[in-house]
Each structure stands twice: as C-alpha cells, then as structure tokens.
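> Since the structure of chain F is provided, determine the placement of chains W and V on it from the hints.
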Amino acid sequence: MTDIGVKKELVAGRPDLWLRMENNPIPSCPGCHEPTAMRAILEALEELDAVGDAVMVVGVGCSFAFQSMVDLDYLVCAHGRPPDGASAVKRVLKGDHVVFTIQGDGDCIAIGAGALINAAARAEKITIFMLNNANYGTTGGQLAPTTPLGHVTSTTPGGRTPAHGYPVRVPELLATFQGVAYTARGAMNSPANYQKTKGYIKKAFAAQRVSLGLSFVEMLCACPPNWHMTPLDSLKWLEQTVIPQFPLGEFKDVQGASGKTQEATR
Amino acid sequence: MNGESREGLALFGGVLGVPPKALKSPLPASRERGDTGGERTSDHMQRQLVAGRPDAWMRLEFNPIPTCPGCQEPTATRAVLDVLEEMGMEGEAILVPGVGCHSLIPFMLDLDHVMSAHGRPPDLASAIKRVLGRGAADRALPLVFTLQGDGDCIAIGAGSLVNAAARSENITVLMLNNVNYGTTGGQMSPTTPLGHATSTTPGGRTPDYGYPVRVPEMLATFQGVAYAARGAVNTPANYQKTRAYIKKAFQTQMAGRGLSMVEVLCSCPPDWHMTPLNSLKWIEAHIIPQFPLGEFKGP
Amino acid sequence: MADRLFVQGNEAVAWGAVSAGCEAFFGYPITPQNEITEWFAREFPRMGRVFLQSQSETGSINMLHGAAACGVRAMTSTSGPGWGLMQEGMSNLANAELPCVVVLVQRGGPGAGTTRHAQMDYASATHGGGAGGYRNIVLAPASVQELHDFMPLAFHLADKYRNPVVVLSDAILGQMAEPLERKQLEFEPLPPKDWAVLGKAHHADGKRRGISIGQGFIPNPDFPTYLSFIDHLDKKTKQMRQDEVRFEALNVESARLILVAYGSMARACQGAMEMARAEGLDVGMLRPITLWPFPSQAIRRNIREGVQFLVVEDSLGQMVEDVETAVGERAPVHFLGMLARHEPREMGMIFPDRILEKIKEICRK
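Chain order of the listed sequences is F, W and V.
Residue numbers for the first sequence follow the working numbering, so the first one is 1 and each next one is one higher.
Residue numbers for the second sequence follow the working numbering, so the first one is 1001 and each next one is one higher.
Residue numbers for the third sequence follow the working numbering, so the first one is 2001 and each next one is one higher.
Only chain F is shown next, with the shape it has when bound in the complex (with noise of 0.2 angstroms):
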C-alpha cells in the first residue's frame, strides 16, 4: 500500500468488520454510496457492541454484493425476501439477537412490497435498512418505485412522469403501521447527514434490542454511472433533486425509544 493509501486509512479508519480478502476488493462502482452506507451500519454495530450477535440478511441488487466482505453471519434471500428469511432468523433463534436485513429499494418495496408490510403489520423485531438509489442499479437503471419525478431512467427515458405514479416514500409509509416502533430517512451526500445517519442506525437497532417492533431506515445513495453523473453531480443532484422529494428525519419514535436507546447503547 502507498503512502497515501496509509494515510487515508489513518484519518477515515475503517471498521474492523469489512474483510480484507484480496479477492474481494469492494465490488462497486466509483462514487456509489452503498459501501458508505455499509460502513456505517458497521460502525454502529461496533458501537452498540453488536457485532457478535448480529445476523445479516442480504437481498438481491447491489448490495448482493455484501455478503462477501463483511464478517458477518449473513443469510441471502431471494429478490424482495429478506424480511420473511430476517423474521424467522429472529424467532427461531429467540435470543438477543440483532437481525436486520439489508436491501435496495427494487428489492424493498417493489418486488418485496409485500414481504415488507406483512413484517410490519406482524410487528418482527427486526431492522430493514433500505439503500434507496431511485433506480434498478444492478440491471442498468430503470425506473423503480422510489424514482423521482422527473428522473431519467432507462424503461422512462422522457424522465418519470405521474402517469408512472409518483415516488413511494417508505418511512412514512410505515409510520402508519402499530407494529412498526422507529422509521427514518438518511443520506450519504455529506459528513453530517453520515453522523445523522449513524444515529438513526444505531436508535433503529435499540428499539429492535428492547423489542418495541419493527424498525427502519431509509439511505438515500448515489448511483453516478445509472444516473449518467460524475460521482460529485451525483451529490449535487442528491441534494438538489432528490432531498426535496425525499425529506430526511425520523417520521416516527416510539414513546420511550429513545430513552431506551440510550440505556441500550450503553
């Protein structure tokens, strides 16, 4: 490793968790966010002192791809499964385990609409993090349910208009629902919507330890090359393009979530 390469490593670190296999260099493509985002689900599960009873269920889409660098136990679902394979990891296992599940938002809320909402209304103690790119990354791009108005995709390539209907916002979604205890949307266009991010994290992971219900946090991600965007216009658009449509903040906090994150996170 080069000088500067050592020098990265020293200001950003890196969490113990991601593998260092020389084989398995991070699969994806430059400027994508989904490895940030990672990241910090890692971090938080370093914090939290969660990374031995972790499982992580993974489903198909780019983040298909984290089941080889994370040392992690993981399970891969088939396309939009991850919370019926993440519900039944938690209940047979009974213990203090922390399952989440770790999805695209095609996986989440398209093809996997269904196993989502059943989980909710179940109330699975378990925590969905959704990696929203506002398009099919892995298959080139098209149009999915979270793609923003306007949005130039490859099966809407006069951009989505509301004849496509409009852009399904989950956390809000979900909000509605009894069983579902803590939702929150992030992003990963700047360090303080990270650190923001991170906190979310790591409060959806505490309502799920103290077993409140069901919880969820929504990352928004660039994706330059389906976006046809150098990585830093795909920021840029982020923030001006995407945000607007998609407010960050938590839509919903169970009574008491919070003070019990805290006692959690101790």
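Quick caveat, the hints were computed from the structure, so don't treat them as lab data.
Listed next, the in silico DSBU-like pairs over lysine-lysine satisfying Cα-Cα at most 35 angstroms (straight line):
(1) Lys1247(W) <-> Lys1281(W)
(2) Lys2207(V) <-> Lys1247(W)
(3) Lys252(F) <-> Lys1247(W)
(4) Lys2236(V) <-> Lys2207(V)
(5) Lys252(F) <-> Lys1248(W)
(6) Lys1248(W) <-> Lys2207(V)
(7) Lys236(F) <-> Lys198(F)
(8) Lys1247(W) <-> Lys2193(V)
(9) Lys2235(V) <-> Lys2160(V)
(10) Lys2183(V) <-> Lys2160(V)
(11) Lys2160(V) <-> Lys2207(V)
(12) Lys1241(W) <-> Lys1281(W)
(13) Lys252(F) <-> Lys236(F)
(14) Lys2183(V) <-> Lys2238(V)
(15) Lys2238(V) <-> Lys2193(V)
(16) Lys252(F) <-> Lys1297(W)
(17) Lys2183(V) <-> Lys2193(V)
(18) Lys252(F) <-> Lys1241(W)
(19) Lys1297(W) <-> Lys196(F)
(20) Lys2207(V) <-> Lys1241(W)
(21) Lys2235(V) <-> Lys2183(V)
(22) Lys1248(W) <-> Lys2193(V)
(23) Lys236(F) <-> Lys196(F)
Quick look at chains W and V alone, frame taken from chain F:
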C-alpha cells in the same frame, strides 16, 4: 328459521327501504316459481318487496347467493350494485375479484368480470384500465374495480396493492374485511383485531403476532392515492354511508384522479362462531373501535 | 423503415412482437432480458401502445392476465428467477384460457445462479411449474431471425388454442447480433375474440362476459362439471401434440450419429456437424423447434441399426430425458453438458470443437 335471524332480516329489510327499480320491476312470474319453490313463499315474497334487489344480481338457478347465513359480503356487494345502478354504469363496469369467499359473487352478477389469482386483482385491473382506457383522453372508462377480501388484499396481495398505489393506477380497490380467512375456516389475517380468536390464534391475537393493518390509513400516505375510506354495513346508517363512499370512489376514478379504495367491514358469523346478530354487536363493540370508520383521504 | 436490420436477439423479439400486432407489454428488470423491456419502454408509448413496468414478475404475469382478458395481444419477458415467480400465473392463464406470450431468456440457475448464459429452464418451461394440469407450447428459436419470426407464430398459436405460449431464448441468443430481415408473416385467419371483457355495454349481444381461473371449479354453462373442463383441456392438448410439432432435420437420413440440440446449442452443434462431415464422419442433426410438443416421432423415425444420438445442452441434462424417453432402449443416447465448457467461470461456453471431440470419441468406439 329461529327468531334471532328473523329479527336480523327484519332489521335489514326495514332499513334498506325500497330501491326504485325493485318496485318498478318485481320478480318475473317464472322466477317466482323457480326461486321460491312453493311453500315458503309468502315470507320470502315480502322480503323481496321490502328489501328489493338490484337488477345486476342474476337469478340463475344454479347460482343462489353462495355465502353463509349472516355473511355481509353480499350486503357490501349490494351497496356496490346500488351505486352502479344509480350512476348508470353497469355497462361500463369491469369487476376483478380475487380468491376468497367473494370470488363466488361475480358469478351471480350481470357484469363483465375477470377472476384473478389470489391477491393479484390490482395487477389485472391496472392492465385492463391501461389497455381499454388508453383511447379515452380522460382515462374515465371503463370503470374498473377489484373486489377482494382482507387476506387477498393485504396479506398475499400486499405487494400488488402497494405498487398499484405507487403507480397511481386509476382504479378502485374494494376490500371486504371480515378480519379472518373465511373460506379456509377462519385463520388469522393481517386485519384480525387484537384479542380476536381464530383457528391459528386460538388464544386470541396478541401483539406477538403483530397488530391489525389499517389499509385506508396506510394508502392515504401515497401521493398517487386520491381517495381512501372505511365503512361498515352493520347498521342501516353505516350502510348508507358506505354506499356514499363507494360512489365517491367511483367518481374519483372517473375523474382520473388516481387510485381510490374503500374498505368495508363485514361480519363472518360461522368463522367467528357467533350468531349473525351477535356478529353485528361484535363489529360495533370490538371491531369498529380498532378500525375507525370514515374517510382518510379525499376531495 | 428499413427491411434489413443488424440487431441483437433481444431487439429482434421486440420487432417480431410489433409485426404480430402486440398491443401491450409488461415487464420487470432482470438480466439478461433488459434490452427487451427497455425497448418496449422506449417505443411502445410512442406507438400509442401500452407499456407498464410491474413491481415483480408476479405482477407482470398477472398484468398479462388482465390485458389478455381484454382481447389484445400482450406479452412479457423474463429470465430464470422471474420465470419461477410466474408459475402461478402460467397455471391460471391456462385455466382461464387466455392467449399471451412469455419470452424466457434463460440464464444459469439454480437460485440467482448467474446472469450469464445457460439452458436450465427447459424442464419448467416444457413440463410446467405451477399448479399442475396444464401444458403450453414452447418454441425454441436458434437465431436472431427466428427470435423475430417466432413472435408472430407464438401469438398466432396462443390465439388459436387460447393458451399461453413460451418462446425459450437464452442469454447467448438474446445478446448476440445478426442480420434481421423484417417481414410480415401470414397465418390462417382466426375467429374474433368474442369472449373478451370490455364492459357489458360493449358486446353486440348485450350479455356479460366473464373470465375465470376457476373453470371446472365453479360450474358454468360451457363446463358444468370438473371433468367436462378437463376433457376440453385434453382435446386441446391432443390437438397441439398432433398439429404443432415442429423441428429441423439436417442430414439425418443416413447419419450414424444424430446430434440433438436446441437454441444456442443448436448453433454450436451445427458447426460441429459441419466440421465432422468435412472429416468424413456421417453426422446429422435434429433440432426440436417446439420443445413441447416434443418431436418424439421424428426421433423415433430415425432409429436404425447402428445409429446413435448425442444430446448437447448447456445444462446438466434436461432435454436428454425427453430424447431418452423417445428412443427407449433401441439406440444409445450420449450427453454433453455444461461441464464441457471451455473454462470454469460463468462466461465459459461449449464450443463446436469440444462437441467435435465428443463426436470423434463416440465414433471411435
């Protein structure tokens, strides 16, 4: 026939009043003979005259109303037919039923219909509306609506429903919520209220199995949903209100404003192990408090 | 518009569908068929036809169900994992007797497998994976031209039998580019779709139309009992078996060794056959075009003293079971499968020279 159900029927007949068409077209003579088969006539005839019957109910000999005594799915369907008749839209309506007790109903209705796989009516309805409605600039016709149970709509069919809402499909979704899987013997569904005993929650539903899903409230959060309401048919007043909701939902569709949805609470006496009358009381006392009636999104 | 194009197989599918008068397309992103979905997304709205992206392949097949019920020609395309989700719909479409076309661009399985080429959906496409009791015609094109030409044929057969039809492509055919001659194919006229659901006011006789997935379950005037419906399906199935078998036979009359392969593997086999014949080996080839109904008769007709069969498939062997059933004990059936690929990563392929090697090995014995 015991006294209780007779009382229930009197209640039903008395309040519904006499729809205009029923008076204008009483039963044809041949139907009367075929339908009533002699003995029980006088009581039966009276009921027909008092309660009336929308024209779109077909009176086929092999198609009697195929539901259990005290079931309110035909009552809810009747509200739909009343509205169609009132709007003069029977000829433009396309009904898409799912799988469940309600899937038998379309066989009795004089409407075009396409039966769907379990949970998929929103998918079929989306395609039908987009294929047949593309000529019309306002996307008003045909009037496409689904008829689904609660299990069909929000358990196995949750993905289809949520994504039809996300696409802002210009269709109407009608969910008949009897809070359990009626056809298969009364298992827990996502809409089973807490405390309600079913064959898969014999001790009553507890939070360990989650909480009942409130579908209109959930759909109201979607930008593409134009109308969402919940009604019941347990009293005459509620019946009339529900009818008004259904009419508003159809009008929303014809104005091309996006997805419209009405949930109708229905009793299921056999699977609730109650008499029809007790079921009505149960709806009032235990179900409506967990499923508030009213409009959640609309004009 | 030019009559000759140089296009990918996936795009040829779309042109074929247009020439067949397809009015509606429903699809979900999945590799390696994305070019088909994206083509329709781009072109159909301009043509005033219906394109809708579904939330899942379950959604696609059920949207197809709705569109077909309206009497228009409608299609979807998918690959292995999506095909798995569509099985429910395929069975329902068969019960509802709705004509439509599914293009299945095969990739490697099982599970998520690989997004690269393979021929691993033969068994589920030809033998059905949904609630049992149905059959559907499966067409297997082997060139970009055939991917185009089989679309009108598929729509015609679907309408003729009121049954879904599968066009079984694969990642190699879908991604490769070849010259395509666009032409309008003619078929015998079919009766109008009087059964289509349009709204009661739109039928000449003023009577309602209903499409059910419960035919035989709920009595109706056409099928008062379950067995009356099953009898109807039986007649339909027998007629398809009798009238719709299609295959291509090359040099089989005198051949000592007959290669049997479909789709992209048929192209590799044709190359191997020509190389073998140039070396004086008497090799022929029989290419099933309909994988169901399977050309068992054509295989049986060529069983002679001393003849052998070699089945080549880019899988661990699925069609080979149908060939073995047709041949019985009367001739040896050899098999060359995906383990014969030129390299172990997912981009490995079965090349003609590897097939030739196997041919020589068999002929030496």
